[in-house]
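S.K.: Whenever a hint applies, use it, and build me the whole structure from the sequences.
Quick mapping for you: the protein sequence lines, in order, are chains F and Y.
End of the first sequence sits at 223 in the working numbering; the numbers just go up one at a time, nothing left out.
End of the second sequence sits at 223 in the working numbering; the numbers just go up one at a time, nothing left out.
Derived by calculation from the structure, the hints in this document are not laboratory data.
A couple of the hints might just be wrong.
Identical copies go unnamed one by one, so any copy, or any two together, can satisfy a pair.
[To be verified] Here are the computed lysine-lysine pairs in the DSSO-like style, where the Cα-Cα straight-line distance is at most 27 Å: (1) K201 to K181; (2) K181 to K77; (3) K191 to K89; (4) K201 to K183; (5) K159 to K110; (6) K29 to K52; (7) K201 to K215; (8) K55 to K219; (9) K150 to K52; (10) K101 to K150; (11) K29 to K150; (12) K191 to K181; (13) K219 to K208; (14) K150 to K77; (15) K181 to K89; (16) K89 to K188; (17) K80 to K150; (18) K183 to K89; (19) K208 to K110.
2 protein chains.
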Amino acid sequence: MYKVNIGRKILSANEEYANENKRFLIENKKLCLNMISSPGSGKTTILTRTIKELKDKIQIGVIEGDIQTDLDAQRIKATKAPAIQINTKGACHLSAAQIHKALANLPIEKLDLIFIENVGNLVCPSAFELGENGKVVVLSVPEGDDKPVKYPAIFAKSKALLINKIDLLNPSRDIDFDIEKVKNDARKLNKDIQIFSLSAKSGEGMDKWYDWLIKGIEKTRNS
Amino acid sequence: MYKVNIGRKILSANEEYANENKRFLIENKKLCLNMISSPGSGKTTILTRTIKELKDKIQIGVIEGDIQTDLDAQRIKATKAPAIQINTKGACHLSAAQIHKALANLPIEKLDLIFIENVGNLVCPSAFELGENGKVVVLSVPEGDDKPVKYPAIFAKSKALLINKIDLLNPSRDIDFDIEKVKNDARKLNKDIQIFSLSAKSGEGMDKWYDWLIKGIEKTRNS
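M.R.: Here it is in structure tokens:
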């Protein structure tokens, strides 16, 4: 029987574009972070708050990945930051080829930092490199503290973990979420992962995330 | 160039198993529901409460799909219901072949209802028929009210939508979630979808979900 190794071929095409994107980012000395999480963990809210609160220090551009709609890109554009919407039309992750096109359409020379907001999915996007400098996984409190153990790949591969919606940890709200367990489980998978506990709604804990971003931008500029 | 239509072939292999599963369920007159949602929307908590509260009326078996761990199957087994764990080892959805094997290992003659708890993922599982009688999509309040519009496929294909964690809609908790918007958007995609607003934690609204399940079991038995 004639065998065609399709899985390998598709991955290589994606890898080729990812390598081109990586080269483009290195040449332009730009930091690019790939945000990955389940739907509704608060990626867009984190980004809009970050853009607004850092607008006097750094310029941020966003590549928005969604299966349908441009709702998230509209939210980003309302902050005056440049945003490119990619609709995957059913696909469960962004591809490096899509990012390649989007990067060419951003005003890259004006930007310090590019965020890619991936399709809401804790599984598939972790398997597709986009050429980014690092992945950032977002886990929100109502999703539960068992997620690093149950969905280990993305926690193992990310540079940072944002534990979002910590305003819901208020003792008057009876949500069971052991934040120390999440941190320990994430560090067992990835000893170097940076962890930030924050609420993009209340603003609590956002300052440390901003410091980390600014350090990352400086490091990329001086590399 | 020699062209191999791989996409078609893979789908057909899954469809073949799905058709076999469907035949098996019809022959045995068993209702089988495929539960699909993002990670952390509360599928396992809904199932454990449903099993416990209906245990004097119906016998439920569960096929648990997870990428890693048997944490969810342990929670089901603690209710004394039979549970089969499938670890997908990285795959983002259950396949009909996996369900075929699991069905053979459940004590089918003793059961009235089989739940398949799919891998936590609002995207990929919607594209793979398992031979089930129907899909049930779970959306929890903290995930946000824009999800039917952003992830339409699963809402379009499901027999029922469970809006879970409605205890968080308490006005003292400032979570923005327009439940009427969710219902309208879901019905625009799927005019026949049954919608149940409930909290598997507090028990609120579970009774109507139970009535629907029992009617479904009776209909399957008499078909």
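S.K.: Tell me the hint numbers this structure goes against, listed in increasing order.
M.R.: 11
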